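On the provided structure of chain A, position chains B, C and D as indicated by the hints.
Chains as they are written, first to last, in our numbering: chain A, 48 to 381; chain B, 48 to 381; chain C, 48 to 381; chain D, 48 to 381.
Accuracy of the hints is not assured; some may be wrong.
One copy or two, either will do: identical chains are not told apart, so a pair holds if it fits within one copy or between any two.
Dumping the calculated BS3-like pairs for lysine-lysine here, alpha-carbon to alpha-carbon at most 27 Å [said to hold, decoys possible]:
(1) K282 - K272
(2) K282 - K331
(3) K180 - K348
(4) K282 - K178
(5) K327 - K180
(6) K91 - K76
None of these hints come from the bench; they were simulated from the model. Only a predicted model underlies this, so the values are computations on that prediction, with no experimental measurement involved.
4 protein chains.
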Amino acid sequence: MLHVGVIGYGYWGPNIVRNFFSAPNCALKMVADGRAERRALINKTFPSIETVADGDEIINHPQIEAVVVATPVFTHYALAKKALLAGKHVLIEKPMTSSVAEADELIELAAQKGLTLMCDHTFLYTGAVQKMKELITTGVIGTAGYFDSTRINLGLFQPDVNVLWDLAPHDLSILTYLIEDEPVSINATGISHTRNSIENIAYMTVNYQSNFIAHFNCSWTSPVKVRQTLIAGDKKMILYNDLEPSEKVRVYDTGYVHKSDEDKKQIMVDYRTGDVYIPKLSGKEALAGVAEDFVQSVLQKRKPLSNAFLGRAVVNILEASQKSIKAQGKEIKF
Amino acid sequence: MLHVGVIGYGYWGPNIVRNFFSAPNCALKMVADGRAERRALINKTFPSIETVADGDEIINHPQIEAVVVATPVFTHYALAKKALLAGKHVLIEKPMTSSVAEADELIELAAQKGLTLMCDHTFLYTGAVQKMKELITTGVIGTAGYFDSTRINLGLFQPDVNVLWDLAPHDLSILTYLIEDEPVSINATGISHTRNSIENIAYMTVNYQSNFIAHFNCSWTSPVKVRQTLIAGDKKMILYNDLEPSEKVRVYDTGYVHKSDEDKKQIMVDYRTGDVYIPKLSGKEALAGVAEDFVQSVLQKRKPLSNAFLGRAVVNILEASQKSIKAQGKEIKF
Amino acid sequence: MLHVGVIGYGYWGPNIVRNFFSAPNCALKMVADGRAERRALINKTFPSIETVADGDEIINHPQIEAVVVATPVFTHYALAKKALLAGKHVLIEKPMTSSVAEADELIELAAQKGLTLMCDHTFLYTGAVQKMKELITTGVIGTAGYFDSTRINLGLFQPDVNVLWDLAPHDLSILTYLIEDEPVSINATGISHTRNSIENIAYMTVNYQSNFIAHFNCSWTSPVKVRQTLIAGDKKMILYNDLEPSEKVRVYDTGYVHKSDEDKKQIMVDYRTGDVYIPKLSGKEALAGVAEDFVQSVLQKRKPLSNAFLGRAVVNILEASQKSIKAQGKEIKF
Amino acid sequence: MLHVGVIGYGYWGPNIVRNFFSAPNCALKMVADGRAERRALINKTFPSIETVADGDEIINHPQIEAVVVATPVFTHYALAKKALLAGKHVLIEKPMTSSVAEADELIELAAQKGLTLMCDHTFLYTGAVQKMKELITTGVIGTAGYFDSTRINLGLFQPDVNVLWDLAPHDLSILTYLIEDEPVSINATGISHTRNSIENIAYMTVNYQSNFIAHFNCSWTSPVKVRQTLIAGDKKMILYNDLEPSEKVRVYDTGYVHKSDEDKKQIMVDYRTGDVYIPKLSGKEALAGVAEDFVQSVLQKRKPLSNAFLGRAVVNILEASQKSIKAQGKEIKF
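For reference, chain A alone in the conformation it holds in the complex:
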């Protein structure tokens, strides 16, 4: 039985608390939030959970073994560091930190202390992403050629981070999980329609050593909501539409092959469009999978799926994207 405390009860907080409350081998004991009305809400819904105003009470509590950090991004590093130093296992909301340097320091600290450090990239635990991982690792789609993601809606303009830091972590975590190749550089462009110069629309290309490319289109300023990704290989192509209630993943028996090796200049391409297959997906709540993976990783001393290295890889791309936008789309190498 793992004794857990949660720091932060904002937008995502109720989901975290609900899932850790019912996770096997887990006892959610404390939740911290500075706002009295948020604590009152917890007391009403989960009378058995102790609420405190200050996260330090959780971090320093002798019975708490693991801490979930669900506060704004700019506070992640300090809270996680404090918790690790206090000997607690840590799960951090995405994105893991505000910089790669912070992520590296936390990773090293966790390693030194022998503690589990994990980042909550919830999407990895969805039936859709799990199915796509299976399709890729079993060779169904063949050699991956590109990843093209669109995540746009009329979204809340964030006051402190741009639209890539807000929306791209979902797709970057999926990309990093699905494609094992290492990115070598990125380009990003964007625009701010507000006076604070924080981009509300941004585009990013991630370049790879191999013949693979990833592209991201993120916006808080779209009249329509789109959450769609194409992931194509030379054998089959996947359309992942997260807004579809039950048909999120479509596998197209579509592709093209080079017919001849003789002339590099000449295009000899054979096209193929075949059946479409829409696999049945697991309907299990993704966040329940996150909670279980965190608890089991601690108890069994194993590496979680959404581990700190994956969380760091996402921050690495976000950090570079900011540099590229500010340098008018210049290629930023890793």
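Coordinates of chains B, C and D only, in the frame set by chain A:
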């Protein structure tokens, strides 16, 4: 009555010939194509039209007053120049030329000779684009903020031009027509999955002096066909989906406004989502509009809507995009 | 302040309790359910509500003024009658009763006692139905010509009532609310794929004195979920798709007019298809509207929108449909 | 080589002529139409075809071996009879005749004379229907349980036949082809919004001896166009959407099974929803298949797929539907 000849009877040729054949005040007299089987096809369908193998016969024919150049892009400049020098009015298929230098030379030549020079950007004559132009010029959408276009499918890999030269001219002509602002620079990235290094996937951002941005996502390698553009203003936003049979243009009463002028750093945004309006569009064939505009522009000595300056503006962006892709996404200024 | 008790805490129970709990001028005091585990659930979520096993305790409680009957259909009549005799106002879940005779008896009893009797046809309180009512009463769609509803999915086979009794009440209540005309007869057909002869697929036509027709397609055996209704007038036509997240009501400027009065036999019809308009709808939870309407109707002694006469009209059609199905689709007159 | 003549060059005529013109082993020699402008159109497009004003010239021409009757329905019987008596093979447009008696007479006459008699139910030759036939005959969907078709749009009001005679033949031919069971009775209801009492909206249920039901919803008065059919078995279910450009047939691994045989009254149903499969369909033009089948059936003296018995079965249901509508939905037995 304008006497017209068409050079080139390829993929688009039958549509051009059919529309010029039935355009008012127009007599389509000759069509040239080097391939005997293409000429046989014309003879069968339009027995009254004279067919010749060599376009020069049309250019030099004393009764021909105007020439339509519908050959591969790399031949546009030479044929159009020859026709202008022979005193013929010229309509060139899109993209107008392979370079801005060529376009400039043709424009100057046409001006010197007092001849009409036009580029066939067919989409400008569709009911959808005409409706959007009306919505923009009458102030319905307010101040335009962005243009975001996706044009992807499992398309024919072209052997000589990349996917931007093949697919982006449509959207670039629409952008240039709808938004009167001048672009200041572009960034483009892409990838070639073939051995000839011609990009089959490419992304492009067009930057403006004003608070406006345009983005293009073009691919020959998508399992699904998408032809969709978002054009948003601060009052209303438009979704233009060219694949919809009858509901191509959707106008969203959606937007956001800044609430306060006091603090540049602070975000004070009010969101609004309201009704959606799907206007009935003219169903007239766009290419019939092109033919009529060309004929009337010559006869009435007026500037056509899809004029050579617009054609040149499209080539200008395409030329810069190539430079940017080859320079790893570097910003190319105009 | 109205003191309310709820009898029955099944599938719909939590929604009823939650909405009456937070309805203005309403105090939800007691909930009855025979199953201990259901009562435990209430105690956990709403510790302030008293739970009892037997509905009679609520009906006979001196402080309870109004009772919500949310039990299986075959028990509605007996419980509602007992509650009315005990001087309580009554809200009954849909369908109101198992027969018209039962409905008539309850209506008469409520009238004698001066009590409010209401049936919970929740859909009438949705933003979509309210908008359609407005479009019809303000003359926007013109003279209504037909109502055509499809409500199919892979649904739970009910053991005691057929698919019409299960699914059609929603659409019948909407029809009755929107169209003030009186039906004169119905025809129904159907099939049972189970051994108990209870139809899992059924079709029903409702005929009117005027030039209006209504049709219903209900199924528990469809691989796809459809909840769609066409309501057409001679001026405009409405498509109501309840599965659309935000665009549930589409208004088509589509119609046809008779051009000439001279020859009855000759068809002279002019067609028109114009703009489409998708109104923004109220997002208020419909059941909150039901709770408020019930409470206010009792307190202000006014007739509720989803009143007992409407509830009776729905039962009237359902009862006739059963007769028609058993008589091989024979017309049943009212 | 079969020498063929076509009588009637109306709406469907150009498609028939084009396909018979290019069908293998077929020589389309003559086309008859009373209207000079229709004949002029043929002369322009197909100068090698002889045009005549009177169909009798074709019927009596010694070199013509087979006649296609593509005239209005009420003339089918007389023309086909004359052609059969003249010793010609006959293909009749759908619906075959205006009555079952007429169909029977033609069938008997063709049998006596040893001639091919065929009805053009084009849909049977589409890739979609061929794929569904394969799915049914190979047992993929299991025991068929129902067929539910919706074919509605804002269609041309016909002056002489109601909406069922106009639209239902397509779906009735598909039903008859796919489901080998015999219908035992039908019910139909409908309404006329015009003064000539010809129904523009109609609903029909076809009942079977076995546990199977078919339903048809046809309308000329819908603001949206729908051409959709559900065909469900106990193993899998098919959604056939003819408006989908490439994904017309979807196969759902969805179903339900009875768990126990013990109690006829008790419902013990297990539900299953699984993968969806969208097969690639043949894109061959259906009417080319009709032409080839007719020519080959004559030359090889074999029964065509869309044979006269199938054509008669469609007329049989249409005739009964008219009786049922006029008898207020009364069941009409065969």
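Hints and how they fare:
| no. | hint | in the structure |
| --- | --- | --- |
| 1 | K282 - K272 | between (30 Å within a copy, 18 Å between copies) |
| 2 | K282 - K331 | between (29 Å within a copy, 25 Å between copies) |
| 3 | K180 - K348 | within (24 Å within a copy, 56 Å between copies) |
| 4 | K282 - K178 | both (17 Å within a copy, 24 Å between copies) |
| 5 | K327 - K180 | both (14 Å within a copy, 25 Å between copies) |
| 6 | K91 - K76 | both (15 Å within a copy, 18 Å between copies) |
Going through the hint list in order, the structure satisfies each hint without exception.
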